[in-house]
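Counted from 1, the sequence shown has number 1110 at position 137 by my numbering; the numbering is strictly sequential.
Hint data in this document are derived by calculation from the structure and do not stem from the laboratory. A couple of the hints might just be wrong.
Claimed, not checked - Have a look at the derived ranges for each label pair, beta carbon to beta carbon:
#1 G997 with L1079: 22 to 32 Å
#2 R996 with P1026: 40 to 50 Å
#3 R992 with P1026: 19 to 29 Å
#4 A1166 with R1000: 17 to 27 Å
#5 L1048 with L1107: 28 to 38 Å
#6 V1114 with R1158: 35 to 45 Å
#7 L1089 with Q1165: 39 to 49 Å
#8 R1052 with S980: 41 to 51 Å
#9 P1086 with V977: 14 to 24 Å
#10 H1163 with K1106: 19 to 29 Å
Using N, Cα and C, we set each Cβ at its ideal position, and we do this for glycine too.
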Amino acid sequence: MLPVLLSPLILASAGLHLRAEYRGLRRHVYLFKPLTTGLILLLALLTADPPSPFYKLAIVASLAFSLAGDIFLMLPADRFLAGLVSFLLAHLGYIAAFADPAGFYLSPWGLLPFLLYGGFIYRLLWPRLGSMKLPALVYMVAIVVMAWQALGQWVQTGQSRALLAFVGALLFVASDSVLALNRFRKPIPHAQAIIMSTYFAAQWLIALSVGGA
């Protein structure tokens, strides 16, 4: 019942954020961006019957770090590194959560496609990363492992809620890829709409994975 009540609010807030971005309404951006992630955090926090108490705790903590990252990245001053660290901590929390129900997924075949994709994106970014080469590499490794463990949770449990987490992880990878390419390689048309729509959808699906079978 809770997802039914909160999900329309999350969708409305996300839509208002995108509208504010395109119309240059900065005060609305400052309101609706953290509000959307905050509502998603609330959804995870209030959802009952998680696979384990630790799973719920780790997801809620990751969403809290994501909220901090959202705030850093929307500030007028460049707080990109602080935002990167916040989201790195969020991904570490997601890795811990996804590995909790059935153990750390060790299949190299499960890792391979994410590793190849991450290496390809990093190679595209490399010439223009400058002093961000090492932080970007650490972050890339974290998000690759996050997606790998999301796949592992689904493969090992076969649960529908684990599939939600895996699809969310894929959308997170897509969102961060567009963000990085748009910032460090070349501008992408409608980048902000792509980044934020996939990002909010990713977080929403991961939050939904806290409940259900």
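Quiz item: Which earlier hints turn out false for this structure, listed by number in ascending order?
Solution: Hint check: 1, 3, 5, 6, 7, 8, 9 fail, others pass.
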